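**Student:** Let's have the full structure, built from the sequences with the hints guiding it.
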Amino acid sequence: VRGFPADDSLLAWRCAVLGPADTPWEGRSVELLLRFCGPYPFAPPLLFVLWPRPFHPNVDDVTGAVCMDLLQEQWSSAGGVFAVLMSFLSLLASPTLDDASAMPANVEAASMWRHAREDF
Numbered sequence: 645v646r647g648f649p650a651d652d653s654l655l656a657w658r659c660a661v662l663g664p665a666d667t668p669w670e671g672r673s674v675e676l677l678l679r680f681c682g683p684y685p686f687a688p689p690l691l692f693v694l695w696p697r698p699f700h701p702n703v704d705d706v707t708g709a710v711c712m713d714l715l716q717e718q719w720s721s722a723g724g725v726f727a728v729l730m731s732f733l734s735l736l737a738s739p740t741l742d743d744a745s746a747m748p749a750n751v752e753a754a755s756m757w758r759h760a761r762e763d764f
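Sequential numbering from 645 applies to the sequence shown in my numbering.
Keep in mind the hints are simulated off the structure, nothing from the lab.
Heads up, some of the hints might be wrong.
[Said to hold, decoys possible] The calculated label-pair distances, taken between Cβ atoms and stated as ranges, are:
1) 725 / 755: 25 to 33 Å
2) 761 / 686: 35 to 43 Å
3) 762 / 686: 37 to 45 Å
4) 658 / 737: 16 to 24 Å
5) 762 / 646: 26 to 34 Å
The structure displayed is predicted, hence computed values, not measured ones.
We put the beta carbon where it would ideally sit given N, CA and C, even for glycine.
**Tutor:** Shown next as structure tokens:
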């Protein structure tokens, strides 16, 4: 896991996580953009996956936006950037299908994960 400011403003960070074992992303570096906006740290940052984007239920295939509860109602400033990146790493291995069903980031990926995981 790594993250560093992408520019002089410190409002955008380039980050990366190494895909977890036993997933389609094993050993692959997944590149991310973390954007701090609004009243951070009282509001969560935005997290986007850069190209190439993983086919994943919680990653919007058009924008790359990541849908996870830590970046919404479960946000706590106590964890900070490290917690966001570790949560994303966990999400790669274990999608949150409840979130994907309520507000699907990638409907096709969520359906495949539920009904044909061996093809995922």
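**Student:** Evaluate each hint against the coordinates.
**Tutor:** Comparing the hints with the structure gives:
Separated by about 32 Å at the C-beta atoms, residue 725 and residue 755 satisfy the suggested range of 25 to 33 Å. About 38 Å separates the C-beta atoms of residue 761 and residue 686, a value consistent with the hinted range of 35 to 43 Å. Between residue 762 and residue 686 the C-beta distance comes to about 43 Å, which sits within the given range of 37 to 45 Å. Checking the proposed 16 to 24 Å range against residue 658 and residue 737 shows it holds: the Cβ atoms sit about 22 Å from each other.
In this structure, residue 762 and residue 646 meet the distance hint of 26 to 34 Å, their C-beta atoms being roughly 32 Å apart.
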